[in-house]
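A.B. asks: Here is how the chains run, residue by residue.
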Amino acid sequence: MGCKCGSIESVNCHCGRIVGINGNMLTVEFYGTVRQNEVAYVVLGDARLKAEVIRIRGRYADLQILEEPRWLKVRGHVDFTGELLAVELGPGLLTQIFDGLQNPLPELAKQCGFFLKRGVYLDALPRDKKWEFTPVAKKDDTLRSGDTIGTVPEGIFTHRIMVPFSLKGRYSVERIAKPGSYRVDEVIAELKDKKGSIVKVSMIQKWPVKIPLKCYSERLMPSETLMTKIRIFDTFFPVAKGGTFCVPGPFGAGKTVLQQLISRNADVDIVVVAACGERAGEVVETLREFPELTDPRTGKSLMERTVIICNTSSMPVAAREASVYTAVTIAEYYRQMGLHVLLLADSTSRWAQALREVSGRLEEIPGDEAYPAYLESVIAAFYERAAIVKLYDGSMGSVTIGGTVSPAGGNFDEPVTQATLKVVGAFHGLSRERSDARRYPAIHPLDSWSKYCSIVKPEDLQLAQKTLRDGNDVAQMMKVVGEEGTSIDDFITYLKGEYLDSTYMQQNAFHSVDSSVSAERQRYTFDKIIKILETKMTFDSKDKARAFFQTLTQRTKDWNYVDMGSFEFKGIEAQLDKMIGEVAESAQNIQ
Amino acid sequence: MRRIYNKIEQIAGNVITVIADEVAYGELAKITSREGSSLAQVIRLEGDRVSLQVLAGTKGISTNAEIRFLGHSMKTPFSKSMLGRIFTGSGEPRDNGPSITENMIDIGGPSVNPVKRVIPRNMIQTGIPMIDVFNTLVESQKLPIFSIAGEPYNALLARIALQAKVDIIILGGMGLKHDDYLFFRNILEKNGAITRSILFIHTAADPTVECILVPDLSLAVAEQFALQGKRVLVLLTDMTNFADSIKEIANTMEQIPSNRGYPGDLYSQLASRYEKAVDFEGAGSITVLAVTTMPGDDVTHPIPDNTGYITEGQFYLRNGRIEPFGSLSRLKQQVNNRTREDHRAIMDSMIQLYALYKESIEKQSMGFRMSAWDNKLLKYGERFEREMMDLNVNIPLEQALNLGWQILADCFQPAETGIPTKLIEKFWPAAASNGTL
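Each protein sequence line maps, in turn, to chains A and B. Here the first sequence is numbered in the numbering used here, starting from 1 and rising by one per residue. Here the second sequence is numbered in the numbering used here, starting from 1 and rising by one per residue.
Just so you know, these hints were derived from the structure itself, not from any lab. Predicted, not measured: the structure shown is a model, and the values here were computed from it. We put the beta carbon where it would ideally sit given N, CA and C, even for glycine. Hints may contain errors.
As the list claims (entries may be wrong) - In the DSSO-like style, the derived pairs of lysine-lysine whose C-alpha atoms are separated by at most 30 Å in a straight line are:
(1) B:Lys-230 - B:Lys-247
(2) A:Lys-479 - B:Lys-358
(3) B:Lys-426 - A:Lys-544
(4) B:Lys-422 - A:Lys-117
(5) B:Lys-7 - B:Lys-80
(6) A:Lys-73 - B:Lys-376
(7) A:Lys-129 - A:Lys-206
(8) A:Lys-73 - A:Lys-129
(9) A:Lys-178 - A:Lys-194
(10) A:Lys-206 - A:Lys-192
(11) A:Lys-451 - A:Lys-542
(12) A:Lys-557 - B:Lys-358
(13) B:Lys-75 - A:Lys-542
(14) A:Lys-110 - B:Lys-358
(15) A:Lys-479 - B:Lys-379
(16) B:Lys-363 - A:Lys-544
Stated by the list, open to error - Partial list, derived from the structure: chain B residues whose beta carbon lies under 7 Å from chain A:
(17) Tyr-25
(18) Arg-44
(19) Ser-111
(20) Phe-325
With the hints as constraints, model all of the structure from the sequences given.
C.D. replies: Here's what the structure looks like:
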């Protein structure tokens, strides 16, 4: 006897009562009908705490509570909503900072002060703000879900107000609002379906986070390189618009710095940052610094193209899973407007751990390292939401997903890394050795790979990769036979490999010039370095060879640190040419 | 409503189960038996079966012990009168002072809204070159010291605490040897720091469950001081004992273990404590320095591994020295661009050269001939270890940077260091014995 909705425990009843509490897992006895994955509210005094149904057995549903479970009691009342976990989509998402359940955090801080308060759910989109609406569709136009009704300006973008994605079939426009300013929840159009019933449409719509948006005419092959302005990415292991990549690495190898660099420099329209189960401090850096930084593409603040979803490690675990889905749904929403969106998820391992935690509480049969058996399919389905698509109106939009992985002990043979590697298009493996030697970004040049197109000529890339491999082989050999047992030619190969590594693969993330390198400059520098690698060299002794390369390395690094096209740039380039010319000449004379 | 029960259904490990009504998750109860009384905390509810973890352990508890539910969760007092005092893991006085019951606050409160945090900006000077120069400690940072038994980690912790300019020091001791507890107490007293310190001490002889509460008590009190604008330094030693206590309870509760017997939520458990480190917008800050002893000196063990992913860097303490490799302060970039312009260059190049020195040492030990370059590196490495790495070195940052230049100039030609030419021109010591421009 716990029904409060008045339907007296019939099928329509949406009440339940708690019968067990184990951490963030609740067992709830229900009386009517429940849906798998529907949202329920657990009533605690005046507060209503969000929870999600994750298993149903007989009259009992298991719920993961998306908040702290403290002070809940057996026999506590539960309200089922019948709705899946969904996000609000509409103008006003950009520049926002949300938690995993799409609560705007700055607004929450205004209401609750320093600390997060459970059970407080605010509107994701501000309801009082007015938007300048321009209709695009006309009366009696035939539209389908995803088609544009009208537009509003949102910062630097033209935000399309679209026919709700949840509507099926064709609709004719019955009425459309005149140009003017409207709030997000005002009706701006009325659509009529074939049977003649009317659907009222506002600028706001809801979409369940775990279901991919598919309102497009076709999905294309990712082929255009997404510039990150990081040399080792764009030249060696590029990422494509609409593609996927992952950055696994042990702690302290520089995953987060890399992600921050990419989020600043990536050549996309919109960046969605999902800070999932990681440090709050890192989110703070992003959200304090981005408003101050200028986006070189637009001249506006970087924040104008950014949405941050943050569910840091001390925030409720179950909401972590929701946070990555919230992020990808927002990314897909902007893709529907013909924009290129990059989603950075840091870190997918924390999300996988949240799955593991829940699975353990459900007492499911554990797989490898106690991760549930469905881990792989869940990860694959998530990365598959990245795509470059042709929309109904012919424009292109893309979602690129980059996830970091934090493997236990830095060992890539663990379930999350392996499951991720199967489904991504590029792999940037960070290595402890390289970060210990301060060789940043610590992406391992021999282990990493990419299936996408580089910005330099393939034959040059092959030569560079061969130099690295050969140089590494010589280095390995030298460990056994020593320097004196190595021929001078091999030794030069080794030095060339080291030179390429330290002047091109490595990049100073904290230097104003070196931290972001344009495609043009990358091609120019790379050409120069390829010429150096191709130059035949002879030296009297290994010490001389080493001294030559040390100077060459330092000059090239100096070159990296000055603005392209500046007077100094040309000066250093001339010095480099001279050094190489002399060495090449002496090599020829000897021959 | 009945709040007192006399029938225990089950006693397993430190967890008891009773049949009771109207009990809240996380509620506290008082268990009274012949042995005395103890607090206990509700950790699972299944219908009317209530499982509680008993803070003082279940030794000697009889099935008819009295269980009285208190109607509130675990709390700690918070007041200025706690300064200079020493408490146990259940918040009782460990010194002979009176118990404090004023202004009780909840422990393990909600997490800070990220938008109310500010980017840390203040360096904490320690006088240890391996920290100040190479891995600068920053106010509001959370940083563990990874070490192994036998290393002087507690001494290092105490030294940093005394040298750091903070308002309040809170020490949370978990599974401490009694000697270590006395060491901390004495060193704080001797240096006159005890009057700005609060100690929560759980020794190895105390019941396991109390160990779990030590970080929560310490951090809850720290948080209140920080909200009042104080800069608080929290020292936690040793977090490995804390994690092991969590494992013990999880296993008693028959949770499915994930890795080497540790529960799947170890990461979240550790994170919810470490994440209390904060720099509040418009108020004070909490800096957390913790010791994690690595079982078997293995950094891939679940405790140090999970810790490393949570904290903002780590110091490796090995052979009485802070290792340059692996040690990292993630926040150093926030401050070392405003110390001196050569700070970053010195930091990077000295470590790169030290890495090369290690390679040369390896070659030497395998019996290969040493080249002229190797000999330079050997000379450099030896001086670096003696003049920079030794923990007895106690010099301010400026002096340490100058010393760095001197060592480089004594060992190398400028080009060999890989330092940008501009800095070389400005800082390379003129009267170096072995290097001219």
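A.B. asks: Each hint needs a verdict: does it hold in this structure or not?
C.D. replies: Evaluation of the provided hints:
1. Proposed proximity of Lys-230 of chain B and Lys-247 of chain B is contradicted: the alpha carbons are some 34 Å apart, above 30 Å.
2. Of the supplied pair hints, the one linking Lys-479 of chain A and Lys-358 of chain B holds, its CA atoms being roughly 13 Å apart against a limit of 30 Å.
3. In summary, the hint linking Lys-426 of chain B to Lys-544 of chain A is supported, as the alpha carbons are separated by about 27 Å, within the 30 Å threshold.
4. For the proposed pair Lys-422 of chain B and Lys-117 of chain A, the alpha carbon gap of about 52 Å is over 30 Å, so the pair is violated.
5. A threshold of 30 Å between alpha carbons decides the hint, and for Lys-7 of chain B with Lys-80 of chain B the separation of about 41 Å lies outside it, so the pair is violated.
6. Restraint check for Lys-73 of chain A and Lys-376 of chain B: the C-alpha separation of about 70 Å exceeds 30 Å, so the hint is violated.
7. Between Lys-129 of chain A and Lys-206 of chain A the CA atoms are separated by roughly 19 Å; this keeps the pair inside 30 Å, and the hint holds.
8. Our distance criterion of 30 Å between C-alpha atoms is broken by Lys-73 of chain A and Lys-129 of chain A, whose separation comes to about 40 Å.
9. About 25 Å separates the Cα atoms of Lys-178 of chain A and Lys-194 of chain A, which keeps this hinted pair within 30 Å; it holds.
10. Proposed proximity of Lys-206 of chain A and Lys-192 of chain A is supported: the alpha carbons are some 20 Å apart, at most 30 Å.
11. With a CA separation close to 38 Å, the supplied pair Lys-451 of chain A and Lys-542 of chain A exceeds the 30 Å bound.
12. Restraint check: the Cα-Cα separation between Lys-557 of chain A and Lys-358 of chain B comes to about 24 Å, which is no more than 30 Å; the hinted pair holds.
13. Restraint check for Lys-75 of chain B and Lys-542 of chain A: the C-alpha separation of about 69 Å exceeds 30 Å, so the hint is violated.
14. Distance restraint check for Lys-110 of chain A and Lys-358 of chain B: the Cα-Cα separation of roughly 54 Å exceeds the 30 Å cut-off, and the hinted pair is therefore not satisfied.
15. For the given pair, Lys-479 of chain A sits about 21 Å from Lys-379 of chain B by alpha-carbon distance, which is consistent with the 30 Å threshold.
16. For the hint pairing Lys-363 of chain B with Lys-544 of chain A, the CA-to-CA distance comes to about 20 Å; that is within 30 Å, so the pair holds.
17. Because the smallest distance between the Cβ of Tyr-25 of chain B and any Cβ of chain A comes to about 5 Å, under 7 Å, the interface hint for this residue holds.
18. The beta carbon of Arg-44 of chain B is positioned within 7 Å of a beta carbon in chain A (closest approach about 5 Å), and the interface hint is therefore held.
19. At its closest, the beta carbon of Ser-111 of chain B sits 4 Å from a beta carbon of chain A; the interface hint therefore holds under the 7 Å criterion.
20. Checking Phe-325 of chain B against chain A: minimum C-beta separation of about 4 Å stays under 7 Å; hint holds.
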